[in-house]
Each structure stands twice: as structure tokens, then as C-alpha cells.
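Going down the list, the sequences are from chains B and G. When the first sequence is numbered by numbering that gives the first Met the number 0, its final residue is 305 and no position is left out of the sequence of numbers. When the second sequence is numbered by numbering that gives the first Met the number 0, its final residue is 291 and no position is left out of the sequence of numbers.
Because the hints were derived from the structure by calculation, they are not lab data. Some clues are possibly wrong.
[Stated by the list, open to error] Each computed BS3-like pair below joins lysine-lysine, with the alpha-carbon atoms no more than 27 Å apart: (1) B:151 to B:163; (2) B:136 to B:151; (3) G:64 to B:15; (4) G:99 to G:221; (5) G:166 to B:136; (6) B:15 to G:221; (7) B:136 to B:158; (8) G:64 to G:52; (9) G:64 to G:221; (10) B:15 to G:52; (11) B:136 to B:163; (12) B:52 to B:68; (13) G:52 to B:136; (14) B:151 to G:99; (15) G:166 to G:99; (16) G:181 to B:158; (17) G:181 to G:166.
Computed from a predicted model, the values in this text were never measured in an experiment.
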Amino acid sequence: MEYRKPKKKSYFRLSKEIQYLLMLLPGFVFLLIFQYYPMGGLIIAFQNFDPLKGLFGDQKWVGLENFRKILINPYFLPAVRNTVSISLQKLVCHLSAAILLALLLNEIRSTGYRRILQTLFYLPHFISWVILGILFKDILASDGLVNNIFQKCGIPPFKFFTNKTFQPLLVITDVWKEFGFNSIIYLAAITSIDPALYEAAIMDGAGRFRRIWHITIPGIIPIIVLMLLLSIGGIFNANFDQIFNMYNTTLLESGDVIDTLVYRLGIVEANYSLSTAIGFAKSVFSCFLVCLSYFLAYRLADYRIF
Amino acid sequence: MIETKQEHIASIFINIFLGLLGLICLAPLIHILATSLSTSMYVNLGDVTFWPKGFTLVSYEYILKNSSFWRSMWISVERLVMGVLLQLTLTVLSAYPLSKNNHEFRSRTAMAWFFFIPMLFSGGTIPWFLNIHRLGLLNTIWALVLPGGVSTFFVLLILNFFRGIPKDLEEAAVIDGASQWKILFSVFIPLSAPALATIAVYSMLGIWNSWFDGMILMSTPKNYPLMTYLQSATVKVKYDNLSQFEIERLSKVGDKTARAAKVFIGTLPILATYPFFQKYFTKGLLLGSIKG
């Protein structure tokens with residue numbers, strides 16, 4: 000056997016601490032430039048921003064004037080209401096659909112069939128809302144696929160894009176996109192349940208439904224609680240990508256959310272200060288909720304991020 | 000396992016129900032494919048459901064000759080390659096020191112917070128735009144690559160994976176005189192190949208599907224990545240932007256079939272690679288969520 004002498008310690012060898020810091024340097028610089036610098040840009044929420052003078056230029060300070068303007072903006076309160084309403088509906092539907100799917104998938108005995116099903120269920124998650132927006136607008140249009148099928152079956156045509164139906168439509172299409180993917184985590188939790196419990200239950204004569212009710216569901220409760228807690232942080236995110244790609248100006252009443260309002264004010268109307276002020280307020284509240292959700296998840300479910 | 004007759008029926012019912020549900024997930028895509036392969040007349044009559052009627056490839060021929068579509072496709076490919084490489088490099092380099100504990104790396108807590116805060120709080124759309132404007136990156140490919148360089152989410156995933164690698168391996172390498180860089184590149188990276196493959200997949204999908212940055216940061220459609228191009232060109236067909244020749248060609252092909260073909264080609268890269276990466280993303284999701 001070959002004996003290798005330990006290498007001599009080099010005088011130029013950097014200490015461990017310095018090596019670690021050097022590794023972090025590129026990421027640090029990127030975050031500084033592309034995350035922290037824009038955070039500093041939030042000051043324009045307190046200014047009457049003139050783009051010609053630049054981001055940290057000699058701007059006119061207006062204090063909390065922009066925040067006062069938010070409150071009297073006729074679009075603001077409906078947008079907040081829509082945001083919370085859409086995201087709460089989504090939260091409930093996502094959670095129940097994913098759990099239900101995981102429970103049903105777990106009942107499928109043939110592994111081959113199960114794998115094919117999973118492949119189909121996970122697929123929509125990977126398709127962008129740009130594509131899906133085009134698709135749904137096409138399929139659900141008054142002369143689209145669904146209404147054509149309705150016509151052939153003698154069902155009266157249905158208008159999908161109205162203010163009454165838009166929120167349920169957002170919820171259903173979002174659930175359609177994500178339910179398979181969301182079920183992965185519950186499915187994994189189900190497979191980690193001790194099989195001895197099921198064997199014991201079978202010995203005791205418990206049927207399939209009793210086994211699900213008394214073993215599977217209690218077994219995944221911790222994960223359900225955790226996912227529920229972590230989703231609290233997203234209450235002010237109603238999914239901009241989806242809504243932007245599916246709404247139009249006639250649907251503002253039911254579909255205008257905070258993010259679309261920020262977009263319209265800032266990018267379309269170039270009202271930089273007001274738009275930033277709304278975004279800022281949203282960020283603060285979201286940040287608070289996310290922290291709260293992490294805190295609760297840590298206390299109740301012993302979840303740690305890092 | 001003994002099943003009662005009732006349970007057996009339930010089992011069959013579940014099999015059929017999930018089968019139908021699976022088809023519902025696929026149905027829109029099949030419809031769009033059928034539309035793209037049909038004659039425009041039948042599509043406008045609403046005769047095409049899941050099978051092409053009046054099979055034709057004219058809409059694909061139209062796209063093949065559509066230079067703006069391919070220009071956008073190329074921009075997407077460019078940003079994809081550069082973006083994935085950048086994200087992977089920065090993720091690995093940042094995750095390794097952060098995976099150490101406070102005895103090994105004294106500045107760790109401060110650094111971990113520095114990396115974590117952007118996940119909680121961000122400047123929002125306008126400051127983000129103004130920042131990139133100030134850096135002079137508007138209308139360059141770099142605006143689509145650099146801002147997404149560090150993903151805190153990926154860093155957290157890899158950090159947790161690195162923690163699971165036995166300490167003994169590192170200690171053995173230290174005794175052999177390896178530096179931390181050497182340990183990262185010849186011990187940790189080879190061992191975490193599956194985790195890195197997972198985030199590579201996530202990163203590719205995320206970059207391929209992003210459209211908002213293209214819409215805001217690129218002022219001319221000439222610089223749009225594919226998803227932004229699809230978003231703008233198909234949601235509102237801008238006839239005033241097209242030449243007379245193109246309008247004529249488009250009217251021959253049909254608005255709906257051309258759009259369907261564009262959408263289908265835009266999804267094709269995902270559909271084609273999906274079976275290969277499927278095993279990675281499931282793994283990755285669990286990597287991040289169920290852990291001690």
C-alpha cells in the first residue's frame with residue numbers, strides 16, 4: 000500500500016473563515032445589486048418621483064402623501080378585497096383537492112397505472128400561465144371547445160368570463176394546474192406511515208375506509224397543519240401570472256388584485272410613486288404574515304427553514 | 000389483502016375516476032395540438048375537438064417562416080443556458096458555507112439572514128425596473144439573466160442537502176490537506192449530483208416560463224423571449240405591426256390555428272423533456288420540505 004505524506008501546510012493558505020466568505024462573495028454581490036438596492040428604491044414611495052432625475056436623485060419629498068392617495072384610490076379597496084377573497088378560496092380548494100388526490104392515488108394498487116396517472120397530474124404545473132391563459136381563453140370562449148360541446152349536448156351556452164364567474168374560474172383553473180403537484184407532499188407523508196399500523200388494523204377487521212379515517216388521515220395531519228401554516232404567508236398573493244393572462248378590462252370588478260393594480264398604475268400609467276407605495280404596503284403586510292407563518296410553523300410543527 | 004365486494008367496487012370506481020381526471024389534465028393540450036393540425040375553416044366552425052379535421056401542416060409552415068418567432072426562441076435558449084449556469088454556480092457557492100454551523104463559520108448567522116431576507120421582502124416592480132434601467136441593462140440579454148442570479152429557495156434546498164452529507168468525509172479530506180474549495184468541488188458537489196440535477200430542472204423550467212421580465216425590461220418585441228412573445232403576439236394580434244405580406248399569409252393560415260401551433264411549439268420543449276426530469280422534481284420537492 001502506498002503511503003501518502005500529508006501535504007505541508009502552506010503559508011499562503013487562507014483561513015477557513017476567509018475561504019467561506021470568498022465563496023459567499025459572488026452571491027452577496029448579486030443580492031446587493033439586484034435585491035437590496037431595489038429595496039432602497041422603496042424611498043420613491045415617499046417622494047413625488049420624477050423619472051428624469053433618477054432613482055436617488057434630487058426628488059421632492061411628500062411624506063405619507065402617497066399612502067393617503069392609496070386610500071382614496073377607488074380601485075384600491077376592491078383590489079384588496081379581491082386579492083384576499085381569491086387567495087382564501089384557492090387556499091381551501093388547493094388543500095382539499097391535493098389531500099383528496101393523495102388519498103385516492105394511494106388506493107391504486109397497480110404501480111404502473113399509478114405512475115402514468117402521476118405523470119398526467121403533474122404535467123400542468125410545468126406549463127406557464129402565458130400558455131395556459133391563451134389555452135383557457137380559447138377553450139372557454141363563447142365559440143370555444145367547451146361551449147361547442149355544450150351546444151352538441153343541447154346545453155345552453157355558458158359565459159365563463161363574467162364578473163360573477165371569474166373568481167371561481169380562477170380558483171378552478173389554478174387547482175387544475177396545481178392539484179397533482181401539491182399532492183406529492185401528502186403522498187410522501189402517506190408512504191412514510193408505519194405499515195405495521197395498517198397490518199394491525201386489518202387484523203382487527205378494519206375495512207379500507209376505516210383504515211383511511213383512523214390511520215392515514217391522522218398520519219398526515221402534521222403535514223397538513225404545516226402546509227396550512229406556511230400558506231398563510233401568501234394571502235396577499237392571488238397569483239399575478241394567472242390573473243394577468245386571463246383577465247381583461249371588463250373583469251376588473253372581480254379580477255383586479257393588488258398586483259395587477261400595481262402593474263396598471265406603475266407600468267401602464269407611469270405613476271411610479273403611487274404604484275411603489277401600494278407595492279410597499281403589500282410587501283410589509285406580506286412580510287409580517289410570512290414571518291408569522293414561519294413562527295407558527297416553528298412552534299407548532301417544529302419546522303425550520305435553515 | 001382480503002377485500003370485500005364493496006371495497007372492490009370502490010377500487011374500480013377510483014381507478015376510473017382518476018383515469019378521467021388524468022385525461023382532463025391532458026385534454027387542453029390535445030385540443031390545441033388538434034387545432035394546430037386542422038384546416039382553419041373547420042376550427043372556425045367549431046368542429047375540431049380532440050382530433051384534427053382536414054389535416055394540414057400550413058400553420059407549422061407559417062411558423063417555420065416566421066422569423067420573429069425563432070428570434071424569440073433563440074433569446075429564450077440563450078437566457079436559459081446562461082441563467083441555469085449562473086444560478087447553479089451561485090447556489091453551490093452560497094449554500095456550502097451556509098451549511099456549516101456557527102463554530103465552523105463564525106459569520107454564518109449574519110450571512111444566512113442576508114441571504115434569507117430577500118425571500119421575505121422585496122422592493123417591488125418599479126424599483127426593480129428602475130434599478131435595471133440605472134444599470135443600463137434594459138434591452139440587453141443580461142437583464143434577463145443577471146437579476147435572477149441568486150435564488151434563495153435553491154440555496155436553502157442545497158444547503159439542507161449538504162447538511163445531510165456525513166461530516167467524516169469532510170474531516171478525512173481535511174486530514175489529507177484539502178482546502179475548503181477542494182472539499183466543495185471534489186467531495187460535496189459529486190455527492191449531491193441528484194440534488195443539483197433537481198434544481199437545474201427547476202431553474203430551467205422557471206427561466207423558460209418567465210415572461211414578465213421580458214415584457215417590462217425589453218422595449219421592442221424584437222428582444223422578447225419566447226413566452227413574452229407569445230403573450231404579446233397571441234393575446235392581442237397587432238395587425239398594425241405586421242407587413243401587408245404577413246397579414247395575407249396569416250389570413251390564409253388562420254388566426255386560431257397559427258396561435259395554436261405557436262403555443263404548442265412553445266410548450267414542446269417542456270413536453271419533450273418532461274418524462275426525463277419527472278423523477279428529479281419529485282425528489283427535489285421532498286428534499287426541501289420533509290426534513291428533520
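Here is how each hint holds up against the structure:
1. Pair hint residue 151 (chain B) plus residue 163 (chain B) holds up; C-alpha atoms about 25 Å apart against a cutoff of 27 Å.
2. About 20 Å separates the Cα atoms of residue 136 (chain B) and residue 151 (chain B), which keeps this hinted pair within 27 Å; it holds.
3. For the proposed pair residue 64 (chain G) and residue 15 (chain B), the alpha carbon gap of about 57 Å is over 27 Å, so the pair is violated.
4. Among the hinted pairs, residue 99 (chain G) with residue 221 (chain G) is inconsistent with the structure: their alpha-carbon atoms are about 46 Å apart, more than 27 Å.
5. The suggested pairing of residue 166 (chain G) with residue 136 (chain B) is violated, with an alpha-carbon distance near 54 Å, which exceeds 27 Å.
6. With a CA separation close to 48 Å, the supplied pair residue 15 (chain B) and residue 221 (chain G) exceeds the 27 Å bound.
7. Simply put, residue 136 (chain B) and residue 158 (chain B) have alpha-carbon atoms about 11 Å apart, close enough for the 27 Å limit, and the pair holds.
8. With a C-alpha separation of about 23 Å, the suggested pairing of residue 64 (chain G) with residue 52 (chain G) holds against the 27 Å cut-off.
9. For the hint pairing residue 64 (chain G) with residue 221 (chain G), the CA-to-CA distance comes to about 16 Å; that is within 27 Å, so the pair holds.
10. At roughly 68 Å between alpha-carbon atoms, residue 15 (chain B) and residue 52 (chain G) are farther apart than 27 Å, so this suggested pair is violated.
11. Under the criterion of a C-alpha separation no larger than 27 Å, the hint pairing residue 136 (chain B) with residue 163 (chain B) is consistent with the structure, at around 16 Å.
12. Proximity of residue 52 (chain B) to residue 68 (chain B) is assessed by CA-CA distance (about 23 Å); at most 27 Å being required, the pair is judged to hold.
13. With a C-alpha separation of about 21 Å, the suggested pairing of residue 52 (chain G) with residue 136 (chain B) holds against the 27 Å cut-off.
14. At most 27 Å may separate the alpha-carbon atoms for a hinted pair to count; residue 151 (chain B) and residue 99 (chain G) exceed this at roughly 64 Å.
15. Restraint check: the Cα-Cα separation between residue 166 (chain G) and residue 99 (chain G) comes to about 10 Å, which is no more than 27 Å; the hinted pair holds.
16. Between the alpha carbons of residue 181 (chain G) and residue 158 (chain B) the distance comes to roughly 63 Å, so the proposed pair goes past 27 Å and is violated.
17. The straight-line distance between the Cα atoms of residue 181 (chain G) and residue 166 (chain G) is roughly 15 Å, inside the 27 Å bound, and the hint therefore holds.
In summary, the numbered hints that this structure violates are 3, 4, 5, 6, 10, 14, 16.
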